[in-house]
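K.L.:
Respectively, the protein sequence lines represent chains F and Z.
In case it helps, our numbering puts the first sequence at residues 1 to 354.
In case it helps, our numbering puts the second sequence at residues 1 to 383.
In case anyone wonders, no lab produced these hints; they're calculated from the structure.
There may be inaccurate statements among the hints.
[Stated by the list, open to error] Now the in silico label distances, taken between C-beta atoms and shown as ranges:
1) Z/Glu216 to F/Glu169: 50 to 58 Å
2) F/Asp222 to Z/Arg39: 40 to 48 Å
3) Z/Glu216 to F/Arg108: 35 to 43 Å
4) F/Ala42 to Z/Glu216: 55 to 63 Å
5) Z/Leu218 to F/Arg156: 45 to 53 Å
6) F/Gly44 to Z/Phe245: 51 to 59 Å
7) Z/Gly137 to F/Pro168: 54 to 62 Å
8) F/Gly44 to Z/Ile221: 35 to 43 Å
9) F/Ala280 to Z/Arg39: 46 to 54 Å
10) Z/Glu216 to F/Gly44: 47 to 55 Å
Heads up, the beta-carbon is just placed ideally off N, CA and C, and yes, glycines get one too.
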Amino acid sequence: MTAPPSEVTATAAATATGTAPLLRTHGLTKHFPIRRGLLGRAVGRVRAVDGVDLTVPAGRTVALVGESGCGKSTLGRCLMRFFEPTSGEISYRRTDGTVIDLAKLDERALKPYRSEIRLVFQDPFASLNPRMTLLQIIGEPLRVNLGLGAAETEERVAELLRRVGLRPEYLRRYPNAFSGGQRQRVGIARALALAPRMVVADEAVSALDVSVRAQILNLLKDLQDESDLTYLFISHDLGVVEYMADEIAVMYVGKVVETGATDELYGQPLHPYTEALLSAVPEPDPGARRRERVVLRGEVADASNVPQGCPFHPRCFYARDRCRTEVPALREIAAGRTSACHFAGELELKGCRA
Amino acid sequence: MLTRNHKPAAPPAEADPELEFDAAAARSSPWRLVWRKFRKHKLAVAGAVVVLLAYVVVVFAEFLAPTSTSTSDSTLTYAPPQMVKVDLSWSDGLQMYVNGYRTERDPETFEQIHTLDPDLRVPLRFLPRGDSYEMWGIIPWDRHLFGAAHAKDKVFLLGSDRQGRDLLSLIIQGSRVSLSIGLIGVAVSFLLGLLFGGVSGYYGGAPDTLIQRVIEFLMAIPTLPLWLSLSAAVPADWGPMMRYFAITTILSVLGWTGLARVVRGRFLSLREEDFVTAARLDGCGRIRIIFRHMVPSMSSHVIASLTMAVPAMILGETAMSFLGLGLQSPAVSWGVLLQEAQNVRTLETAPWLLIPGVAVFVTVLAMNFVGDGLRDSADPYKQ
Chain F
1 MTAPPSEVTA TAAATATGTA PLLRTHGLTK HFPIRRGLLG RAVGRVRAVD GVDLTVPAGR
61 TVALVGESGC GKSTLGRCLM RFFEPTSGEI SYRRTDGTVI DLAKLDERAL KPYRSEIRLV
121 FQDPFASLNP RMTLLQIIGE PLRVNLGLGA AETEERVAEL LRRVGLRPEY LRRYPNAFSG
181 GQRQRVGIAR ALALAPRMVV ADEAVSALDV SVRAQILNLL KDLQDESDLT YLFISHDLGV
241 VEYMADEIAV MYVGKVVETG ATDELYGQPL HPYTEALLSA VPEPDPGARR RERVVLRGEV
301 ADASNVPQGC PFHPRCFYAR DRCRTEVPAL REIAAGRTSA CHFAGELELK GCRA
Chain Z
1 MLTRNHKPAA PPAEADPELE FDAAAARSSP WRLVWRKFRK HKLAVAGAVV VLLAYVVVVF
61 AEFLAPTSTS TSDSTLTYAP PQMVKVDLSW SDGLQMYVNG YRTERDPETF EQIHTLDPDL
121 RVPLRFLPRG DSYEMWGIIP WDRHLFGAAH AKDKVFLLGS DRQGRDLLSL IIQGSRVSLS
181 IGLIGVAVSF LLGLLFGGVS GYYGGAPDTL IQRVIEFLMA IPTLPLWLSL SAAVPADWGP
241 MMRYFAITTI LSVLGWTGLA RVVRGRFLSL REEDFVTAAR LDGCGRIRII FRHMVPSMSS
301 HVIASLTMAV PAMILGETAM SFLGLGLQSP AVSWGVLLQE AQNVRTLETA PWLLIPGVAV
361 FVTVLAMNFV GDGLRDSADP YKQ
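Whenever a hint applies, use it, and build me the whole structure from the sequences.
P.N.:
If you want it as structure tokens, here you go:
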């Protein structure tokens, strides 16, 4: 578990984008204890997030990709302190330019930042209370945090609905009257209600119909341009990520295994896991030459029982003896590119660009 | 759990925000949707009507019963039911009557046997003067809905009991105890169940374990011996009113367990719901999350379980009184009335004494239908 110096990712981000990071984690870790027996003693732990260093530059979109169960969502929720991180830092640059560690704040001190970092949920059906009208749902953060009155709340909610492309007349309707895409717009409006600086979109389009997906993605992009938002875009869909993200961090079993700007990472992956993920991206052009699929063996490793050495080695086609014993550190391979593979740069890995 | 499982595989494609909805449905509050779904459940609606009628009877018992519970005629014990007949030929127009009784003595047992004499006519009318009573303890009156035209005549539409009391009047007056004990008992168990179930489900951990083990303990005790011992603890010199409350308490002390489990289960599943997470992230406090997000989402389920718990309470009271553990004469309840039907010989000569059982049966069945319907419509967002 060697955490590289945090400067690595920081400088990488700064040089790649030319902007200062809005949020940066250092060694962020979330372990869930496994309790067994009558007394509920912890017999083990799930390393859902294991020493993650992640840099999110202001005004950009960073995508977190990986298979189900790799800790993407847990990381997202740790950033919002919905889960208490086990250890690590979450450095957040405030509007006045000073940097604070969100991981150390208590609930009261955290409150202002709760409205600056907001979450868009995956499931547009479960995330809206079916017993509340849009006005109540979107207005709740306004009322609770800003203490707005009824008239002003209604005005603000109507404006928010307009911004996400819904008619303000829908104010008094219940979520069950809306389709999945429209509900997701409502969820986005709720996230935007408090004029956040950063939005964590946790699989925000995965539950949507393909035809609706593009609309929501475009909406998110438009909103980013309008309000100078920073996105942490959590997804397993690399097609969507390619369209949305400026930078990508690939996660595997609680760890970041590769980072880089989207174009570079898609063109030349530096980690065998990324190569496998990219080979699964569907090719929209039927006339195109079929790429070779890298089909991984086995399942994603169990986060409560991580293999020795490189966590990816049991599934890796390039694994050698060193991979079985030594944990690779995330290191800078080229400018703006990091990889946690012993042989990064030596292997000939295929991207999904010609 | 509310909606997660009912998500359509592919949400309908939305393209145009101008998309037309069923505007009425879109604006319907959750309770309207529940009502809409409930209405489609024919059996439940029928049950609801019966239950409603039963409680109308409870409210207007004194007026609806032809006589008071203390009116008896020792010369007419175990008199058979009389059929209401209508005579159109009488000179002064439409006339309702019943046939009077002819009393004979059985030459072998010397028991009095009452048979209906077709030649005797006892005229009936609506709103006759009869036993005086005080409606709800405040309005003195002596009119009843239906009965003998002359106060001195005896009419037993459902027959009479051992003391020569009118069984119909007894059933009507007895509904008051039998049906209210269910409501009050459920109200008490509701409070207990909500409190313990809520604590158990919301806090989890040690309080949850403790409460769940207590519930398991209470559920594992066989009901009858427990009733026996608890009612044995009720002092014999307590009046009917005190006894009534004692019985209610006994029933609800045992009845809250099931409800506590329902509440706990709902809390546990709601705690993990995305919309509750969203509320937390929106900055809602604990109280606001519980009362604004969690309680409304489970209220319909809880109401359904409550409706199902009422008949159990009614049956409990009936069973206890039937066994002589609950209320006792002169208090009147359906269970007390059924106590008289315990004797096989009595049943042979006076089978109408089982009619209170029919009343119990019909009400309990109706309430179960209502509960069923409510349970099915409790979640209006289920497809």
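K.L.:
Does each hint fit the structure? Answer for all of them.
P.N.:
Hints and how they fare:
1. Z/Glu216 to F/Glu169: 50 to 58 Å: holds (53 Å)
2. F/Asp222 to Z/Arg39: 40 to 48 Å: holds (44 Å)
3. Z/Glu216 to F/Arg108: 35 to 43 Å: Taking Cβ atoms as reference, Z/Glu216 and F/Arg108 lie about 40 Å apart, which means the hint holds.
4. F/Ala42 to Z/Glu216: 55 to 63 Å: Because 26 Å falls outside the window, the suggested range is violated.
5. Z/Leu218 to F/Arg156: 45 to 53 Å: Since the Cβ atoms of Z/Leu218 and F/Arg156 sit about 51 Å apart, the hinted range of 45 to 53 Å holds.
6. F/Gly44 to Z/Phe245: 51 to 59 Å: The hint (51 to 59 Å, Cβ to Cβ) holds, given that F/Gly44 and Z/Phe245 are roughly 54 Å apart.
7. Z/Gly137 to F/Pro168: 54 to 62 Å: At 56 Å between Cβs, range holds.
8. F/Gly44 to Z/Ile221: 35 to 43 Å: Roughly 39 Å apart at Cβ, these two residues keep to the hinted range, so it holds.
9. F/Ala280 to Z/Arg39: 46 to 54 Å: holds (50 Å)
10. Z/Glu216 to F/Gly44: 47 to 55 Å: Cβ of Z/Glu216 to Cβ of F/Gly44: about 29 Å, so the range 47 to 55 Å is violated.
Checked against the numbered hints given earlier, the structure breaks hints 4, 10 and satisfies all the rest.
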